[in-house]
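All residue numbers for the sequence shown refer to the numbering used here, where the first residue is 2 and numbers rise by one.
There could be a bad hint or two in this list.
To be verified - Straight-line C-alpha distance at most 35 Å; calculated DSBU-like pairs for lysine-lysine:
1. K194 with K48
2. K263 with K194
3. K415 with K377
4. K415 with K263
5. K377 with K194
Bear in mind the hints are in silico, worked out from the structure with no lab data behind them.
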Amino acid sequence: MALTLPEAQAWLYGLPSLAASPTPDASPLDRMRALLAALGNPEQRFKSIHVAGTKGKGSICAMLDSVLRASGQRVGLTTSPHLIDFRERIRIDGAVVATETAADLATRVQAAQQTAGIEILSFFEAVTAMAFLAFAEAGVDWAVVEVGLGGRLDPTNVISPRACVIASISLDHTAILGSTLAQIAAEKAGIIKTNTPVISLSQPLEVAQVIERIARERSAPLILLGNHWRGLSAESEVNRNPEARLAPPPGDQRRTQSFQVKQVSRIRSVEHPELSPFEGWYEIPLLGRHQIDNATAVLATLDALRLRGEPLAREAVREGLRRVMWPGRFDILRAEPPLIADGAHNVDSINKLAMTLAELYPGRRWTIIFGCFSDKDAEGMINALRLRAVRWIFVATDHPRARPPEMLAELARKRGARASVADSLTAAIDEVLRTGEPSVITGSVVLAGQAVVAAGRQL
């Protein structure tokens, strides 16, 4: 019997977030392959780009999706986590999957689970299978696929991508992925495929060494940002190119940043001896130095695909980058006094948030509206924003893993911070709107999503 959307949601949210292997010697990927086989192997019916990493992989996926669509391709995008609605995890040509389609996909994946004899399925496995089925039936040319957790054993690691991208790697999910950067890097680099180009952001030495070793073992060409490509902000250029300030797309009033991309080391082939067409000036509406690095990785990926017979026009790529949308990531909900929502949820991403605040709003201090999950380093995140904060308002995120705001407030007070607790995010926002304080809402993707919705923005 076909599920309604509420029934589909009840089924999905009743699944465990992670599902163990049925036997010690079985791989979790065996379960995913069996599920997809029962669906007719939809993952084999489109080209794909696979993106792993700790921070920035979602932004990279959003940019890849936007430039491919601007180039006239049909594109499926699957990312996680979602801000508000699980359907955000499945997008086709920029639109979230329709309600009726989502219910139908869930019905068929549930049936495939029974056909394949799978006793326990995880939420992420089910939604990933739904995404692949949706992409195949929509006839997409490309799927941009974000890893959920790690990479080596992630349910998405059943595709045969045309390129693999590894975003910034830092400590996160240490109970599952390992307690050292090298261990985490080995899990992330598990997406690298034989003879498939892998593009990595600049990484700490111990991370880079692991990626280089695995790429070498699998004969995968490695493009390492910093060694092969470099992105330079307009502000860092002594002689600014006249292209540095591009006109915003019509009707798009978002704040943007310009940057220049250069090839440091030329990578050519016999078939393509010319220089890369992707060198030059670009503009993106995603703010912060780290987003320039992410965009540079996107351009390096497009160049690697070009060398393998998948060319894209530079002007279409420029247009795609200018139009990229990624809500809840340094999302300026109000210009002045600023109200910003950012889904940073570990120490590394909070540090990037603090750097972006210092860069774009020098000398300004902020009211921080904060909530996080119980498994996150709350003390480390609070410390990372301490010098930017005038005061803190702690709220509970609408999630079962939310850390009580009273505990967060006590952590902040122990560090000498002014801290209070609000009954809800809405109450905290109302307070800072009334007082006119420059404010940042951060600590979890869920909290950022709630803020975006409260501001009346589309996801």
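Taking the hints in turn, this is what the structure says about them:
As the CA atoms of K194 and K48 are separated by approximately 14 Å, the hinted pair is consistent with the 35 Å bound. Restraint check for K263 and K194: the C-alpha separation of about 26 Å stays at or below 35 Å, so the hint holds. With a CA separation close to 18 Å, the supplied pair K415 and K377 stays within the 35 Å bound. Only pairs whose Cα atoms come within 35 Å are accepted, and K415 paired with K263 is rejected, the gap being roughly 46 Å.
Simply put, K377 and K194 have alpha-carbon atoms about 31 Å apart, close enough for the 35 Å limit, and the pair holds.
Hint 4 from the list above is the single one not met by this structure.
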